[in-house]
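Trainee: Letter by letter, the chains look like this.
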Amino acid sequence: MIFRIAYRNVKKNWRKSYAAILAIAVGFVAQSLFVGYLDNVEKLFEAMYANKQMYGDLIIEDARRMQSVGKYDPLKYAISADSASQISEWVNQRPDTVHSYVQFLQFSGMITDGKTQLVVVGSGNDHKYSQKMRQAFAWDAKYGTPLEAEPKPLTALLGVQLGSWMGCLPNPTVELNLELTGYPPVIRPFKCSNQLLQVTALTESGQINALNFSIKGLADGGIREIDSRLLLTDLKSIQTLLNTNKITYATLKWNSGVNQHESKKELNKLLKSIDENLHFVSWKEHEDGILFAQSMEILNVFRYFVVIIVLLIAGMSVFNTSIKSVIERVKEIGTLLSLGFKQIHVLQIFLAESLITCLIGNVFGCLIATSITTLLNSLNIGYRAGIYTEATLIQINFIPLAFFNAAIVTFVVSGLTTYFAVKYFINKRIIQNLNG
Amino acid sequence: MAASTLLELNDVEKTYLLGEVKVPALSKINLKINTGEFTTIIGPSGSGKTTLMNLIGSLDTPDAGQILFEGLDISNLTNNRRSEYLNKKIGFVFQSFNLIPVLSVFENVELPLLVIEKMSAQERHDRVAWCLDNVGLFDFKNYRPDQLSGGQRQRVAIARALSNHPKLILADEPTANLDSKTAHQIINLLLDLNEKYNLTFLFCSHDEKLIKRVRRVIHLSDGSILND
Amino acid sequence: MTNTFFRLAYRGLLRNKKRTALTALAFIIGYVGLLILAGYTYRVNNVLLNQAIYLNMNGHIRIQKIGAENYWAAPLKYLISQDHILAIIKELQIFDDNIEFVGEKLKVASQIVYDDKTYPVFIDGYSLNAEKRARTHPKLQQSLSGFFSYVPTPLIQTKVNSVGASITPELSHIMGIVTRDPIAPPAFDAQLVGLDFESNLNAIDIIVNRRHLTSSAFMRNYSVEMDIESARRLTNVDGASEINIFLKSEVNLNQFLNNTNDLLEKKFPQQFKAELFSTDEVSPEYTGNMSFLMVMMVFFLIIIGGSVILSILNVLTMSIMERKSEIGTLLSLGYSKFQVRKIFIYESFILGTFGIFIGYIISLFFASVINNLEFTFTPPGALGVAFIRIDINILLGFYIAIIMLLPLLILSYFATCKQTQKKLVHLLNDNEGGT
Amino acid sequence: MKYYIIFSYFIFANVSLAQVSPEVLLKESDKSRGGIEDGLSWVSELKTRENGQTTVRKFLVKSKGTDAIVEATEPLRTKGEIYVFNDRNMWLVKPDLKKPVSISPKAKLTGLASNGDIASTWYSRDYTAALEKKENIKNESHYVLLLKAKTNTTTYDQIRYWINEKTQLATKADFLSLQGDVLKTAIFRYENKIKLGGKSIPFVSEMYIEDKSREDYKSILKYIDLKTSKYKTGEFNINNIRN
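Protein chains in written order, with the working numbering: chain A, 1 to 436; chain B, 1 to 228; chain C, 1 to 435; chain D, 1 to 243.
No lab work stands behind these hints: they were computed from the structure. Since we're looking at a predicted model, the values are computed, not measured. Here a beta-carbon is modelled for each residue, glycine too, at the ideal position from N, C-alpha and C. Careful: at least some of the hints might be erroneous.
What the hints assert, rightly or not - Among chain D residues calculated to face chain A with C-beta under 10 Å, some are:
| id | residue |
| --- | --- |
| 1 | Lys106 |
| 2 | Leu183 |
| 3 | Thr185 |
| 4 | Asp216 |
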């Protein structure tokens, strides 16, 4: 009966509390949109680091590589061929736990098209799992074709800017945005004025070596300074160029559902048995991934600040509405009390009422949130976040959990505010209620 | 206290604070009401009629004195005890009916029964039917209050007051909002109920027609009883 | 006449003090929230702006040869020769009252040699007087102080006779010299070896006695700053990669840009182009971060502003419902519909201005609290650890006030429309339930 | 950027036509290209053509064994610059430099001094030789040797070396990458004569270098007025050199 009274009351004077409903809806929308946006940014970063740049879950490297000594002489603190093969063997024995494992050899040298000679910085990676680890970014060639499409040694992708300096120009240029779905796997044409570009580098022991690479495509380097120097090729080619069989680092991704804690302990034991300098670290803690932590930090500060403000305001208007509806129905409260209803019953009625209002508010919120989300996602508003070469799209992910949390929070807020509003009136003696 | 005394007021006093001014609404009221009596309190407005009614109905608490109902002092009960007293012992009929607009007639009458835990839906249904029969509105049970006339609404209020077999029905100006013909019918209904079920009625009014047909009249003026 | 409306509106608000207070509180919370956010964005913009102009020595306007984005591919081809520099500076004299000072920048790729270590570096050679004026510019010092723990010092070190070079702490670690305190770093002698622009091998001595920070994560391992003369000695040229014009504060940037481009086109056809510092090409960090913050601000504006206005409307509809009979009486006394509506608009107006006034004061208080608490965080692509600073001024307060007040008044107008359309009889003896 | 040529001096020795062994052939040919134990000096003129621009530089070269001092004389701007070679290590000494600056292997990568190794003297010391085939160039028969670096610290890992059967002088050299691709080609001409141990032997007069990866890029190095002389060994050690 209590619910029936509450339901009928809301139905009767919904017009009066539509603003409260809208306030709740706005509170709901604010939360879910922001959480959806944050989730997208986080997923975008993860996709860019874990998939596109193939950092996977863990980076396996010599701990000294990122220290100043390592930066000065990278090859000296690379992983030896023997250690690398032991790790690869360990990986091959665990097809069910390891999703993908890619080895990298970084290098820097000079590249020339016969006329211009420029610094080139890049890496060769083994192609066995690389496309699998890249997942949505398997097709990493913004123009031309990915290397894995037709694995041949001495084929390479150049950064778009470096490509243009080396006479490899897209025709026509295409504007692609940073998206979770990666590039559409279609060949966007490009043309190099000369088929082979010579890359010169010092071998591990300091000898000059040079290889001619045929350019299969252009890839996006992410930030400007990298894109104007980037060359990606297969591991063997770079090992030949540097006349070494070392690798700079390797990355590993666990299969989903794997007990990562257990596998990590096992891997750690393996690494320490091979060489106590070897360690693994997630890209989020790695110097390369520092940008991610910084961005998420500032985004979360924004998020909590806004959500608190919006909920305070929504709480205010719910409070106002419930006070008003209580004032309006003081006589009714008096009657109920006079009929022997206890205070708790009256409170329940109003709480039920605020519950219903909140429910409607949340439903409204859902509708508004999903419509804004689809609208925003379809508008493809792009903005250049920080120093990235490609614009990122404003995308909001649909997160049921966020909707659920938002609903819970609005229920709590409106429940509390109604409680306080009604409490004030119930304590008044019945007679005051009756006379209104 | 005589066996059949239902209600006894001893030296009951009540003063109100209007701004800074203390207004004595009731002073030294002594009164006995026996079961089955049909009594009216009359007096000019501001004579304390409504205050007295409220005190008896424990809607308000007296400043001094005792109010004994069936020997039990009800002047300041705890919330829960008071709800029980209201629910089981007292039935109210208000001047402005005070029906729940969003509930149907049936549901309004059923309201007081809902507080009683051990009453099954079927028992409630029979009880409400019985009440509505008594006020002759059974056919209107699914109507909403705002679809009824003033008289009919007051009958529903009376039916509601009957529904929990109260010992005493308090009615505050029950006929004030009604035209004379309907008022007359309501008074007949009250008298019938009083005779049929020996229900004790106590109401205040300044409706001459009602006063003429009542056996016991209590005159109130300026907070004290003139004659009884 | 209007003050009666004001009185009516004012009393209308006082009628239900509790509710008015609550609504005002909602407005204040919204206003404070938005003003704090605006204050933060304003401060970050201020920092990034000055960082791009003064710290990175781009100046407000950068002049380069046309096609200079390919500078690294053919430096000699895109170098501005010394006589071109002098000619351009002479031509620019016609804008002298706008120009504070002009600097030159020479970019060189070379290698740093220190005991047996050789490491590739990218050198920025700055004209010394421009660099000194820029790095000690009050605008830069004031915007960085309290925001970053790092305060730049000019290359000219009074205590060291010859002019020093500056590298980043990361680069000095790579070269084997640990820098704990960037303000007073250990100085060391090193040499720069490089190909001059005619591919002759060349080398110069440098004293590295300063450390600087770069906002670009990549450049942290490679950046060297020094005076342009040394860079010219290394490359055996007397030109510069770009000319940077630092303008006085009240100059209209876009207009100055157009004038400069027209001048360059007239005097040196098809040779030079001038660009604003706030473009992707010149300072990507600035444009990137600011566009991100702007997207955030618009988002918050809509959400917070929206919920505040909704809550006030909620109250407004209530108070209108309650005062049906009052509206009825006023109409019956011959007030026009519009006049009656004005009362309610004034009500919102009073509520709003009251909220803004109190809100502004509270925001100032909050801002100082947050500023003193010195929350620190490391924004992406920044000069290391930064403090959260809120910078609130009247202008900001005014803009936010307008943004919140205008829609409120407009919506208040519409909210009252529905009621005042009703037939008088309805309003007077309202029988719609309620009081 | 284009290559800058620094070169070193050669050692000159008698050619004996014993049974042809690649090692001996290589050793003999080295003598006509430098590494004179006692010392040799000459004026070197370097003409470089790159992307249509030609620049000329002149140097005064003093060499002894695997060490050399190369003093820039033209263009005037470079006067006073001295390049010092101690075996494979290289320094640049300039009047305005407090101390000589060492040029690291990395510098070779950017083409700063890669040509210095082309002219380095003792291939026979650094490389093992194997006879690949015999070939006729301008109807003179030549032995074609394939030199392989003994240690992996030489600038170039492999060199294909043409030695004229009759004159036993090296006429052409292809510098190969580890995979055998030709990176640079050098062609030698011997019109100079120097007196050594009482005999006059032919000595390189011109070296023509071409970079396979650069279309429009050629360097011609001329050796003018050679003089043998006696230098003290310490004279070439970097530590003793003060500008």
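Trainee: Does the CB of D:Leu183 sit less than 10 Å away from some CB of chain A?
Mentor: OK, holds: D:Leu183 within 10 Å of chain A, min 5 Å.
Trainee: Let me know if the C-beta of D:Lys106 comes in closer than 10 Å to any C-beta of chain A, holds or violated.
Mentor: D:Lys106 check passes; min Cβ-Cβ to chain A is 6 Å, inside 10 Å.
Trainee: Once the shortest beta carbon distance from D:Thr185 to chain A is found, is it less than 10 Å?
Mentor: violated, 14 Å
Trainee: If you take the shortest Cβ to Cβ gap from D:Asp216 to chain A, is it below 10 Å?
Mentor: holds, 8 Å
Consistency note: the structure conflicts with earlier hint 3 alone.
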